[in-house]
Every structure is written in C-alpha cells, then in structure tokens.
Amino acid sequence: MAERSFKSEVLKLRASQGDVFKGEGILAVTKALLQSGVSYVGGYQGSPISHLMDVLNDARDILQELGVHFESSGSEATAAAMLSASINYPLRGAVTWKSVVGTNVAADALSNLASSGVTGGAMVIVGEDYGEGSSIMQERTYAFAMKAQMWLLDPRPNLTSMVAMVEQGFRLSEASSTPVFYMMRIRECHVTGEFIAGDNVAPTYSNLNKVQPKREAEKIILPPNVYDQEQEKVASRWPAAVQYISDNLLNEFFPGKYDEVGIITCGGSYNTVIRALERQGLADCFGHTDVPIYVLNVAYPLIPEEVIRFCESKKQVLLIEEGQPEYIEHSMFSILRKADIDTRLYGKEILPGAGEYTGQVTLLGITEFLERFPVEGLNLRLTSKEVRDFQEVLVAEDSQLLTRNVPPRPSGLCTGCPERPMFSAIKQVQKDLGEFHISSDIGCHSFATLAPFNLGNTIMGYGLSLASSSSIRTTLPHKAISIMGDGGFWHNGLTSGVTSAVFNNHDGVLIIVNNGYSAATGGQDIPSLVQPNRLIATTMDTDKAGRPDQQPIDEACRGAGVKWVRTVSTYSIDKMKATLREALTTAEPGLKVIIAEGECMLNRQRRIRPLIKNSINNGRRTVRSRFVIDNETCTGDHACIRLSGCPSLTIKPNPDPLREDPVSYVDNSCVGCGVCGENVHSAVLCPSFSRVDLIYNPSAWDRFIARVRRRVISWMQDDKLAANSL
Amino acid sequence: MIAAALGGEGGGVFTNWVIDVAEANNWLCQTTSLAGVAQRTGATIYYLELYPRAAAGNELPVLSLFPAQGDIDITITSEIAEAGRMIDRGFVSKDKTTLISSSHRVYGISEKSDIGDGTIDATALLDLADRYSKQFIHYDMEQLASAHQSVISSVMLGALAASDTLPFDRSSYEQVIRGSEQSGESNLSAFNASFERAGKPASMVESFDPAKPDAEFIFPDAKTDQGKALFTLARAYEPCLHEILYHGITKLVDYQDIDYARQYLDHLQSIATIDNGNSNFQLSRHVARYLALWMCYEDIPRVAQLKTRTARGDSIRKEVRAEDQQILYVAEFFRPRVEEVCAMLPVGLASAISNSRIMVSLINFFMGGRKLRTDTVSIFALLTLLAKMRRFRRGSLGYQHEHRLISHWLDAVRVLAAHDQEAAVELASCGRLIKGYGDTRYRTTQQILKIIQRVQNVADTKTDTSLPSATELARLRDAAFAGDDNVAFEEALEA
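Read top to bottom, the protein sequences are chains A and B. Oh and the first sequence: position 342 is 351 in my numbering, straight run, nothing missing. Oh and the second sequence: position 477 is 495 in my numbering, straight run, nothing missing.
In short, the hints are calculated from the structure, not lab data.
Below, a list of computed lysine-lysine pairs in the DSS-like style, where the Cα atoms sit at most 25 angstroms apart:
| # | chain 1 | residue 1 | chain 2 | residue 2 |
| --- | --- | --- | --- | --- |
| 1 | B | K152 | B | K114 |
| 2 | B | K468 | A | K440 |
| 3 | A | K584 | A | K436 |
| 4 | A | K440 | A | K584 |
| 5 | B | K112 | A | K394 |
| 6 | B | K336 | A | K622 |
| 7 | B | K389 | A | K586 |
Across the chosen pairs, the derived CB separations fall in these ranges:
| # | chain 1 | residue 1 | chain 2 | residue 2 | range |
| --- | --- | --- | --- | --- | --- |
| 8 | B | A247 | A | F713 | 47 to 53 angstroms |
| 9 | A | N514 | B | M377 | 43 to 49 angstroms |
| 10 | A | Q614 | B | T250 | 57 to 63 angstroms |
| 11 | A | A587 | B | T250 | 57 to 63 angstroms |
| 12 | A | D558 | B | D182 | 56 to 62 angstroms |
If you want a taste of the chain A side facing chain B, the calculated C-beta under 8 angstroms gives, among others:
| # | residue |
| --- | --- |
| 13 | G202 |
| 14 | F295 |
| 15 | G296 |
| 16 | R635 |
| 17 | T644 |
| 18 | P666 |
| 19 | G686 |
| 20 | C695 |
For glycine and all other residues, C-beta sits at the position ideal for the given N, C-alpha and C.
Generate the whole structure from the sequences, applying the supplied hints.
See below:
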C-alpha cells in the first residue's frame, strides 16, 4: 500500500474516445499506454515516477479487464528484462523507472534488448531526475540511448503532446525494431492539464489470447549474431527510425518572421522557451512566435535533413540542450559541417555548461543570444542586465540580512520514524568507541548523513553499502559498518552485498533497516513484512495484514550463509546499543547482520489512525499517547534535539523571564513513539520528558481511581506560590 | 503563482482547491510541483499558472512549468522563513508580487539544535518582505487554523481570496471548500476567518517597530514584612536592575526561602559596588540574571518540587489538548545517577557513599531509567517528600559544590572588573553556560571552571598584564556553545 492512493484518479483511465481527460502527467501517460494496447507493464518505483507505479498498482482491476499483465519488478534490471517479451512476439510493453540510476541498474538487459531488436513496441518510461527536486547525481539518460542505440523521446510538456508521443513511440519502436526511451522530466510528471482521450485498446496477445512459442535464433545475443545485429542497427534500424520520424512529423517546425535566427529546443524545454520569448515580446502565449523554432520531440536520433532544412537559411541558431555533455550540439555541428552549411550554431557557449535550464536561465540565454546578433526590427523588451537583475533584487545589506535569517531545511526523518532511535543508538555507541566510518545506502536512512546525526561516509548505490565497505574494511580501526534498507536489500543487497561478503569472509557489521516498505519512494510493498512492534507509547495496534508469501530477511541472510543474525526493535535503544557493541567487538568471525526492525511510522500512522478513530467513536476504551516537555525543568540546552531531530521536537520561547535560550517543546504532531523517553534513559538526559496517556471512553475503574487520586493528591498539594510569601 | 509549504501542511490540497476554483470560473489552471515525499523533504514548492478559457478560444495556451524570477504575481508561503527563502530566490518582485505569508515560525534543525539560542530574526524577515513586495499580507495563519480545528491550507486560501489578486469571488472559493472531501465545515470557518482577517486594512501592513523597552519596572506591593524588607533592599539598586531582581528574588524564595534571596542580594552587592555603570549597568545585570539561575541549580528536590505543582496539571492538559474532564495518565522519565543522589545528601554521608564502591553500585542498581506515574498517589507522595527535602539543602554536597563554584566565578568577575570592565561583563555572561543535566551539565560546568581558572591563574601570579580580554572570553564562551563534543572549546582554550 503506497503513501498516496490513486483509487479515485484511476477511474479516469476508463475514459473513452472524445472524453476530456483532466489530471496529472503520469496519469495521462498511463492512459496513453492503455490506448496503445500494451500487453504488459512493469517497473521499479523512485521519484519522479513513483506515482506511475502507484497508479498502475491502483489500476490493477482495469489492467486485468483488458488483459494487461502488471508486475512490481524487483529492480530496474528485472523490469528491463521483462521487455524481452517483445523480442519474438508482436507484444507491446512498457516499463518505468527513475533515471539515470535505474537505467544504470538495467543496463545489461537493455543493451541485450537493443542488440536483439524488438518485434512488438518496447518502451522504457524514464523519470529524468535532473535539476531542482532531484535526489541523485546529475547525469543524462541520453548517453545510454546513444551507446545502445535506443531512441529517446522528449515530448513537449503538455498532456496532448505527451499522450500522442507515447502512441507514436510504440509505432516508431516497431517500425525500426528498436526499443525506445520515453523521457519525463520531474515537473512533467506532476504537471496537470487536459487532453481528449481515446478508447483503451485490449492487447492482441495476453493471458486471454496466448501466443504460439516461436524461436528466432538470430535474435539471441551470441556470436556471430551480435556482429550481424550491430550491422543491422546501422544499416536498417537507424534509417528506418529516421524515415518514420520525418514521415510522421514527430519533430515540429514553428515558423517566425525573423528568419535569420532560430532556436532549436528539445521538446521538454519548449514551454520555457515560449515563455522567454513571450516576456521579450517575441511570442504570444499560444506559441505564435516571431523567432523560428525547431522542436526535437525525438531527441535521439537526430534527423540530418531536418536540421539542415531549419538551419540553412539562417545566420545564427541557438540550441537549448539541458545537461551535459552536449551530445546534441556536437552531433549538429557534425551534420552542418558535413553539409557545408556555415550557419553558426550556439549552445553552451551562451547557455550554462551544466545545470537545469530554468525560466531565468533560458530567458537570459535567449536574451544574450539575440543581443549578440541584432536582427533588424527585432527589439527586446528586457536587456540581459535587466534579466540578471531579477535574481539580485536586494541591496547588499538586505541580502546579507536575508541570508542570515533563512534557515536551511535539509531533508530529515519523519516524526516518530523508527530509524531515529537506531541512529541515536549508533551515535551513542560511537561516542564510547570512537569515530566510525559508515558505508551508507539509498533510502530514508541516507538522511542520517545530514544533521543532527551526521553519520555516514559514502553512498555508492541502491543496496550497495555492504559491497562498498568490502575494500575499506581491513584498513579501518573498527569492524566495517554498513547500513542498508530493506528495499535496498531486496533490490540488490542480498546478492551484491550479503552473498559476496559471506563468500569473502567479510568480518564486518551490516545493519538492515527493516521498516516493511520501500519507504523513501512512497511506501510501496516489498517482499518482506515487518512485525508490528508494540511501541513504548502507542497502545493501539493491530496485526498488519500478513501475506502468506512473505519472504523474511533473516531467513534470506541465513540462507546465504550468515551465521550471526540478530533482530532488534529500533525503539529499544539500550538493546540496540548492546547488540551493536556486541557485533563490533565479538571475536566471532564472519558477517554480523543486525536486522533493525520498526515499521515505517508514516505508513503505520495511516494504518492505525482510522482504527483509533473508530475505536473512540464506537465507545471502546482507547488510549492515545504523546510526549510533553516540562518547560520549568527544561534548561534549554537542546541536547535532546541534537540526539533526535524529530520534527515534533521543537523549541519555543522560554517562559522563565531570567532565561534567554528557548526551551524544548513537543508539538501536537507527536505520535508517541517513545524515543524521547528512551533517550532520556539511555543518554541520561534531563527529567523534563513526560508521557501523557489520554484515555477516551474511560472504564468505571478508570473513573473511580482517577477520582480517588485527584482527591488524595489535592490534600498533599500545599505549594504556595512564592509571590504569596513575599 | 507560487505556493510554498512545508511537508505535511497540505500544499497539494491548497493547489487542488485553486485548480477547482479556477475551473468553476472557467479558467484554465496548470500546476506542477517538485513533490517530495511528505515530511522527508522539508519545503515543497508548487507552481501554478492560470488563464481564462474565454480568451483562449480554440487554442490552448502554452504554460510554463518553471517559476521564473521577476515573473511571479502571487507568492504564498505557509511560514515566514519560507517567505524569506522565496525573496532570496527572486520569486518576489517589488513591482509585481503580492506576497502572502503566515507570520508564525516552524524552526529549522539548525535553530533547534543550537546549545543556546539559534533562532533567526523573524522581525527582520517581516520587514524585508514588506519592503520588497508589492503587497504583503501576513498574520499567524497557524494560530487561526488551530482556532478553527482546521489546517493552514484553508487559512492560506482565505488570504488568497481576500487579496483580490485573482478575479474569482468569495463564493466560488466557499463552494469548492464545501465540496471537498474532508472536514468541510471547519475548513470553511477557517477560510472565512482568514478572509475577514486579511481583508482588514490594518493587517495588510503591520508595523514592525521593535518592541519599545518596557517602562520603568515597578515592584508589586509585598504581602509580608519580610517581602517588604527584601523589596526595599532591591529598590536600592539601579532602576534598570529592578525587573531582573524581582524575578530573581521570586525564583529564589520559591526555590529555597527568604534568606536565600537575601544571600543573593549580598552576593550581588559586591559586584554592583564596582560596576562602572557602562551600558546601563550591564555587569550587574548579567550577574543578577545568571547568579539567580545558578543559585537555583536543578537538584532532585527542585525537580520534585516542580513536578508536584498544582498548576502543572492544567498546563499539561492544555498542552496535549485534552478534552474537558478527560482522564490523563502522566509518566515522568527519570534517570537519576549516584551523582544526583549524593548531591542532595549531607556532605559527610555523601562523601562516604561516593567513596564506597559498594554503595555506588548498590545505588546504581536501584537507579537506572525510571518511569514514574505522577498521577498516582504513591509516586506523588514520594515526590512531595523529596521536594520537602529542600529544607536540608544548605547542608548538602550539591549545595557546597555549587556555591564554591559560584564564589569562584564572582571572585574572578571582581578581579577582572578592577582592570577591565568589558572583560568582566563577558565573564559574567559565561553564567549562561550553566544549564543542562547529567553529562551536559558536567561539561558546561567544567568549561566555565576552565574559563575561571584562566583568570584566576593570572590573578594568582599577580601579573595582571595577561588577563584575558573581553574578546578572548567571548570567543571561549562561543566555543563552549559550539557543540556537545567539547572539541571547539579545547581548541579555543589552546589558542
């Protein structure tokens, strides 16, 4: 069950011919897949296409009716391998993942697929995680498209164009026997808009109409086939693609009256270009432009004839190509040079060499381009200096004042997160044993590398923490420590990490954070489940709906040959500290695996909140717990915050007129996970933390004993306020 | 239009409302976001572009997916520092942007984790926001939301509707809120309250004059003769000290007794007489403040006293938002150690115990982490008894220890004051270090001790030329506040 439910939105996928479909980009692309008659879909979640997986998951009914097979793949490699169904059979299929990381994981399968070639349309929808909001290193999928010979679609970011390009993409794939990438940028995934829907098309072949097994030996990637396949890529698949793209006008030409200059842009940047021209008075908001524009909805391969046609009549052309290296720019120079066309092409000479081409960057680039090459009659509304000034509106003194007073907001763990107590424990053990080198991994737990924990040295990839400590382990003064999530464990960690470590007698510690979900990508289900642990303070719980086919992590580790496996609740800080200390100091050789168990609090809250509400409404005795801080005993040193960093643990002005520093304070978002209290005990903090149990629908005994206690206690209370004795 | 919200504040809900309102008025609304996942990614920015369908005809407008500097009509943020961030990023223009922001604070981790006070200056932000926007609408939207049991997004929507920047009338907003799935009524009342609040001209631009220094403090009338006598003594000090003295005396009497407050004034006298009066008697003011706090050091009787106060029950009820008459169980998390136990015992006994390994391990065995239910009779009785032990505090080891430190500190302040009043002020301010419990308290005590030592060593050798300067002392104090690991402080000490 994922963090966001699309149950109501997926009903839109039933729209038929002529209906106006309104919704988000990912939903529109899903609809386009159904309109294209796909036989199968799969993928691995990750921003920005997590929601695409969630939509598919929530749309299982609709998919089933059409006979579309769907899998939540174990990794991007698993998903890419699914596309093999399109090699021998006219089956259309699509898979999706976060790129470029997912593409890297899938690389082996993709290369082989691209070499074999496809019969049915095969599409990889990549969420291009580049620019603001990205969570990974900044690279382009483009490089992979070039080296494996897969085509890369980058449509204009409006729903109509996006949907059309999915449908065209399958036809292009089939016309050229080549799998295609369909690129969705971050903002494109979440853009809302509308398009006129078509009917969903049931696939020709599916579980409802099965194929006749067929062997095409020449498509298997063994020598000598691979040599032929390479020749075929160049001799027939590429030309076929070029033919299809130009015949079907997949790229677009928008004429303009100033014919000496022009702009070439990838589809994804088109709207930004139009807005820049609009602000300069050179276009209207419907895209009618004075400066001619050539839009590459297919970013790879380029169509030399089109490039020449656009450029030959012009003196200067600006190419808007986001990301680096500037592959398109190099190719275009090559096309123009070979055709002996001396139109001057500008790209990263004017635009920045790296980074996102935002509205401001694009406007500045186009302005500088048009300033450098004045065209008769073309007047700019804004000079480049004026454009630059948009970014520097404050006078120096105010700018400094502002910088000083805008605190950073780094990503962090949620309120009540089970990983918080675990990192508190690690921090406390580190304090005793000395500085740690920790190999971290991808997942929520990578936030531990930030304040307030500041734990972790390297992140090499999803599920690769243990593998990445295999070299440093002999050089460290302590046993190597690797931290991995359950998501990463199943994605890659079991094979690349655990199996390899056991095989190589790795005498280190692996902490597997078992929270029951692929939490960082939005709470999708994973092969293992987590036992609902009775938290210190949360008194309402139910068993999680179990799955009969769940695959426990500890069994997997033992199966891979690990002898030393301990499972500890992350919320038991003292026990976690003891286990970690034992793992780090034991003389027992081999890999030590600590499974740190605690259900993802975000998912847990979503699960139990309705239960609590129901229970209260049904008149059953219900206890809800949360923590408070006594602001009279708190002296405002914030040691508790430095140890925890929980969002609900915050500060407020000190009520004591003599004290100047703010006191710690638990706000109303506290879920009562109990970590504050555990820290008080394990780290010997102050006596300011109290747990408050709020009793709903109290029993007769509750009421009786409360009455008695109140009465007796009021007899004892004789504290006169000081002001009275003065 | 930009909407910037923090994780979990309903930025997505807000955006959907605006889409629906636009739709109801036959406007196109394109939105996009850098949707992080919930709380984990801090601030989330939504970007919206709106266009009237009537003007579009058969063509659809090409709307941008990027907010661009100098091109924003409305920026709405759910917190004032986020408004600052939007200004910083260039998303607020003087000639164009209506800036709507809640004026409340959600503290960042760097602010929260500071050992002292790391909070930013929100007033400076309000002032900047006012000067660098075309129109600035702001008030505490969080407070308004919670007053109506609603969420901040409905209050933000009310402010947007009232700002008159979008050509949609109030009723179409109300319609959309009523039609939305959850808690329509409370959202609607929050929306309406916000609409009214934003519409008041006074709130459009509130004045940011820093609070004026309070008028001269007047001692309240004392109820007892002893009180009268104390206040008379206190009144003899400079008027600028009166407020601190009043709070100090009240705290000390509450902590111990009238005599203890007199003791406090005696200590203070020795400083006040050598204060040259600079910066409004800064030296005396600092000593008055930190001396009172130090003398009220937290020991077991003090904590027990605070935990058994009559007023405490009500403040907890309020804080957890308990319903009327709702039964609450309250468990305190304590971890007393031998050190704390010995501190409340008579000097002789305490030394005997702390020197006996057997006794130490015995006490440790019984101490450890404790969860004590203060709503139960037995625990309350125990704490009441412990609180009453304060009567014997003067004979305790803790008292002896703290008061020895206090006199070291005062001596050092006096030594410095004779040569360099500014340096003395800085040393007095080091009293701010005295806080925390357990390890933290031990560390800060050691730090101030080392600073005092730095002065004392020089004083003892009678070579006053090398007494630490004000700058050096300030640097040491800042270093002590730099972190839990003492590293910065040791480095500063070496330097």
